[in-house]
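Student: Letter by letter, the chains look like this.
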Amino acid sequence: MNAALQGQGIAVRFGATEVLHDVSVALPRGRWTSIVGPNGAGKSTLLKALAGLLPHAGSVQLLGRPLADWPARERARQLAWLGQNEHGADDLTAYDVAMLGRLPHQPWLSPPGADDHAAVERALRATQAWDWRARPLGQLSGGERQRVLLARALAVQAEVLLMDEPLANLDPPHQVDWLLLVRELVKNGKTVVSVLHELSLALQADELVVMAAGRVVHHGACGEAATHRALERVFDGRIHIQQVAGQWLSLPKL
Amino acid sequence: MNAMAAYHRKALLLGLALLLASAALLLLGASVGSTGFESVLRMGQDAMAWQIVSEIRLPRTVGAWLAGALLGLAGAVAQGLFRNPLADPYLLGSASGATLGVATAMALFGVSPLATHWLVRIGFTGAAFVGAVVAVLLTLLLAKGVQHTLRLLLAGVIVGVVLGAFSSLTLLLNPDILQAMQSFMLGSTAFVGWSAAGVMAAALALCLLAGWLLSPVLDGLALGEATATSLGLRLPQMRAALIAVLALATGTAVAQTGLIAFVGLAAPHLVRSVVKTTHGRLILLSSLLGAVLLTAADLLARWLVAPQELPVGVLTAVLGGSYLLWLMHRATAHEGGGR
Amino acid sequence: MKRLWFCLLLTLWLPAQALQITDERGVQVRLAAPPQRIVSLLPSLTETVCALDACHRLVGVDRYSNHPAQVRTLPQVGGGLDPNIEAIVALKPDLVLMSMSSRAAERLEALGLKVAALDTKTHADVRRVLEKVGTLLGVNDAQRVWRTIDAGVSAAAQSLSAKARNTRVYFEVSRGPYAAGETSFIGETLTRLGVKNVVPASLGPFPKLNPEYVVRANPDVIMIGNRSMQAMVPYPGWQSIKAVREQRICVFPNDDAETIVRPGPRMAEAARLMARCLEEKTGEKPR
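Protein chains in written order, with my numbering: chain A, 104 to 357; chain B, 14 to 352; chain C, 7 to 293.
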């Protein structure tokens with residue numbers, strides 16, 4: 104199996120509480136995987152551990168190599184991260200924020216080159232943020248901010264893109280834009296892993312990792328019945344996965 | 014891209030304006046003092062007037078400029094490092110450490126021959142610098158490293174309070190140094206000669222270079238620690254380096270001119286109110302603005318009640334504080350009418 | 007018979023009137039009998055009591071009172087501004103002498119103690135306080151003590167040669183520089199000695215000067231009353247001052263500095279110290 108990102112025996116503790124219990128997961132290359140589960144299942148923690156941003160027991164491999172063996176900048180060029188509730192940077196313009204995504208590519212302290220500008224432009228256009236690229240982040244609405252932060256992650260042009268709740272504050276048209284963007288990336292061979300709590304959008308992915316209480320309960324294709332049943336189980340049977348107009352949707356069970 | 018060019022131009026204009034202001038203030042500084050203009054006019058003929066201008070006024074003015082630059086730089090670094098717009102250079106306890114160093118030095122001087130011998134060699138400036146650095150080291154020790162911002166802040170507050178208590182105790186037991194300590198705690202450029210200015214210039218050059226080299230870290234940190242790490246920045250080492258820059262800049266400024274409030278806090282805010290830019294330029298502009306602010310305050314301190322002098326720290330608080338108040342007022346007015 | 011009554015009344019009235027003063031707060035302090043247990047919370051008041059030969063009546067002093075030597079063995083009850091109320095009350099004093107700037111006066115009076123708040127800031131104050139304390143202590147000697155002190159100052163002034171008397175002096179109290187102006191206690195002593203103070207009365211008693219001012223004033227002798235290392239770490243640009251060039255700087259060691267700076271009955275000794283140094287520094291030939 105061609106796994107872009109693989110974790111074995113990952114365990115994370117916060118103080119006395121164990122948040123992830125011995126999780127092993129292999130995220131396939133060139134596909135879009137969504138991690139779903141109820142609140143507190145450990146989805147964000149798993150994503151952070153896979154990105155190497157949390158101390159954890161167990162091992163992680165990126166593109167076949169152990170994560171610890173990657174030099175920091177090389178790893179940053181291959182693995183991009185978009186976190187949840189990123190704050191700060193209110194005084195930087197949208198353009199400058201997106202340009203920060205090019206840091207792993209720029210030689211230290213050299214001014215941005217032509218390919219950096221091109222990458223930033225492409226990223227900002229892809230998230231429809233190009234028109235107000237000179238506005239400081241502090242003056243943007245929640246949705247606009249999120250799109251700029253998304254552009255920052257896209258500008259890295261990494262092989263693997265990890266996104267934690269990337270649709271926060273985005274309205275439906277922009278959620279659809281994001282969906283199309285991810286499909287485009289996957290078509291070009293990139294690997295996308297997202298933590299989403301909007302189940303209907305998560306079900307648009309290629310594969311689903313279902314988590315509950317710090318463990319992976321199921322990992323399978325989004326179209327499979329087994330995946331749907333696992334999903335319904337972790338949500339205590341309060342939802343029902345149904346196909347509507349060719350797409351799988353999560354409907355509340357009333 | 015042209016939209017960004019406007020920002021770059023603005024930053025450049027601000028830099029030029031500040032340089033011009035610096036030159037003007039430097040000239041004024043040579044003319045302000047207990048005797049006023051006449052010293053400059055009589056410079057050619059009167060040896061004493063020449064001496065007053067060249068050996069007292071010029072180094073003081075240059076010293077004020079350099080100290081302000083160091084504080085402005087330290088403020089920009091502190092605010093970027095702690096991602097907190099209320100951060101100032103004295104965050105990690107350096108102010109209390111310097112005060113304790115000077116108080117101890119003054120209390121021990123003349124009491125024991127060994128202490129006196131050492132104190133004459135390092136002087137009060139040395140004592141203040143050592144105190145500031147020791148305080149920062151204590152903070153790092155208490156916070157067990159540089160990784161946790163909140164722990165660092167808390168440790169800084171604790172160290173500041175505890176060392177401040179020790180200073181107060183020293184002052185209580187030696188009331189005859191109270192007045193001299195006051196002069197230190199409220200700030201003054203009266204003790205800055207050419208050698209002191211040289212020390213500050215060297216520190217400024219070093220800190221500007223280091224700050225500029227490390228500015229991408231500050232930019233990355235603006236997006237949060239997780240994102241900064243994901244962008245390939247080696248946070249622990251770079252943070253340690255930034256704290257070293259902070260300690261050096263603050264320690265040097267405090268050692269030579271005493272505790273001057275508000276310059277480190279206000280300078281980065283004032284720069285950001287004019288132009289939004291990344292940290293590479295922010296550090297430089299903040300440094301320049303801090304220099305201009307402190308030089309202007311020092312001029313006023315020497316001029317308002319000549320031949321007496323006001324403590325320059327009082328004036329920086331009034332100047333910097335009023336401008337910040339006006340900014341806040343303007344911001345809330347905009348917000349009310351804006352979105 | 008009437009005469010007897012009158013004398014009796016007189017004997018009753020006189021002592022009552024004799025042990026009463028108005029202290030600096032404007033409060034009438036009245037004592038029935040001369041106090042035998044006195045607590046002093048200000049070094050100059052301690053010295054005043056001892057100058058009136060009532061040192062043996064002191065039972066407690068503040069931590070800064072160190073003269074004469076015998077008061078150092080007395081229990082210390084805190085500082086002037088932060089006295090230890092409990093300790094004072096435990097000593098059961100008949101009278102507590104303190105500075106006006108202390109807020110403890112009300113507290114102590116509320117606890118039933120007699121408090122007199124007195125301050126000495128000028129030469130005239132020293133005389134007045136001597137008399138007031140003398141009255142309170144039931145000692146009639148105050149006038150004589152004052153005359154001795156005054157004579158001591160005059161003697162010091164007369165001991166100066168004409169050369170020493172024509173000098174212009176700069177007295178630095180603290181690093182800053184904080185100078186002693188003409189209206190300060192030290193300034194008054196300098197005036198009595200006949201020398202000229204470079205800091206005029208218009209600047210107040212203890213102005214914080216611009217160091218330039220001293221360069222321009224170019225004093226003949228510099229006196230340093232603190233331990234602020236000024237002699238070894240001069241202000242920038244002061245090498246041109248005559249006093250610095252010719253090394254005419256009076257650096258008083260700690261004990262002497264204390265004597266000079268403290269406004270109290272030792273002002274004669276202070277004057278002598280200053281006069282001696284002046285004579286020394288103006289007698290030498292420039293290098």
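What the hints contain is simulated information worked out from the structure, not anything from laboratory work.
Among these hints, one or two may not hold up.
Under the rule of at most 25 angstroms between Cα atoms (straight-line distance), these lysine to any residue pairs were calculated in the SDA-like manner [claimed, not checked]:
hint	chain 1	residue 1	chain 2	residue 2
1	C	K138	C	K202
2	B	K23	A	L243
3	A	K290	A	H220
4	C	K8	C	R31
5	C	K127	B	L191
6	C	K248	B	R96
7	C	K127	B	V327
8	C	K120	C	S160
9	C	K202	B	W207
10	C	K120	C	D100
11	B	K23	A	S213
12	B	K157	B	A62
13	C	K202	B	K157
14	C	K248	B	W63
15	C	K127	B	W63
16	C	K127	C	K248
17	C	K120	C	K202
18	B	K23	A	E224
19	C	K202	B	N97
20	C	K98	C	W152
21	B	K157	A	E121
22	B	K157	A	V128
23	B	K23	A	D234
24	B	K23	A	W233
25	C	K248	B	L185
26	C	K248	B	N187
27	C	K202	B	K23
28	B	K23	A	P215
29	C	K202	B	V318
30	C	K138	C	S165
31	C	K127	B	K23
32	B	K23	A	G241
33	B	K23	A	G118
34	C	K248	B	M61
35	B	K157	A	K290
Predicted model, so just to flag it, every value in this text is computed and none were measured.
Student: Hey, K202 (chain C) versus W207 (chain B), does the alpha-carbon distance stay inside 25 angstroms?
Tutor: violated, 32 angstroms
Student: Would you mind confirming whether the straight-line C-alpha gap from K157 (chain B) to E121 (chain A) stays at or under 25 angstroms?
Tutor: holds, 24 angstroms
Student: Given the proposed pairing of K138 (chain C) with K202 (chain C), does the C-alpha separation stay at or below 25 angstroms?
Tutor: violated, 32 angstroms
Student: Going straight from one Cα to the other, do K23 (chain B) and G118 (chain A) come out at no more than 25 angstroms?
Tutor: violated, 49 angstroms
Student: For the pair we were handed, K8 (chain C) and R31 (chain C), check the Cα-Cα distance against 25 angstroms.
Tutor: Since the Cα atoms of K8 (chain C) and R31 (chain C) sit roughly 40 angstroms apart, the hinted pair is violated (cutoff 25 angstroms).
Student: Are the Cα positions of K23 (chain B) and S213 (chain A) separated by 25 angstroms at most?
Tutor: holds, 21 angstroms
Student: Below or equal to 25 angstroms on CA atoms is what counts here, so check K202 (chain C) against K157 (chain B).
Tutor: Not OK: K202 (chain C) and K157 (chain B) at ~60 angstroms, beyond 25 angstroms, violated.
Student: Given the hinted pair K248 (chain C) and R96 (chain B), is their alpha-carbon gap at most 25 angstroms?
Tutor: violated, 54 angstroms
Student: Is the hinted pair K120 (chain C) and K202 (chain C) satisfied, with a Cα-Cα distance of at most 25 angstroms?
Tutor: violated, 43 angstroms
Student: Quick one, are K23 (chain B) and P215 (chain A) close enough, alpha carbons at most 25 angstroms?
Tutor: With a Cα-Cα distance of about 19 angstroms, the restraint between K23 (chain B) and P215 (chain A) holds, given a limit of 25 angstroms.
Student: Does K120 (chain C) pair with D100 (chain C) here, judged by a C-alpha cut-off of 25 angstroms?
Tutor: Within the cut-off at roughly 7 angstroms; holds.
Student: Run the distance test for K202 (chain C) versus K23 (chain B): straight-line Cα separation, threshold 25 angstroms.
Tutor: The hint is violated at about 58 angstroms.
Violated hints, listed in ascending order, are 1, 4, 6, 7, 8, 9, 12, 13, 15, 16, 17, 19, 20, 22, 25, 26, 27, 30, 31, 33 and 35; each of the other numbered hints is respected by the structure.
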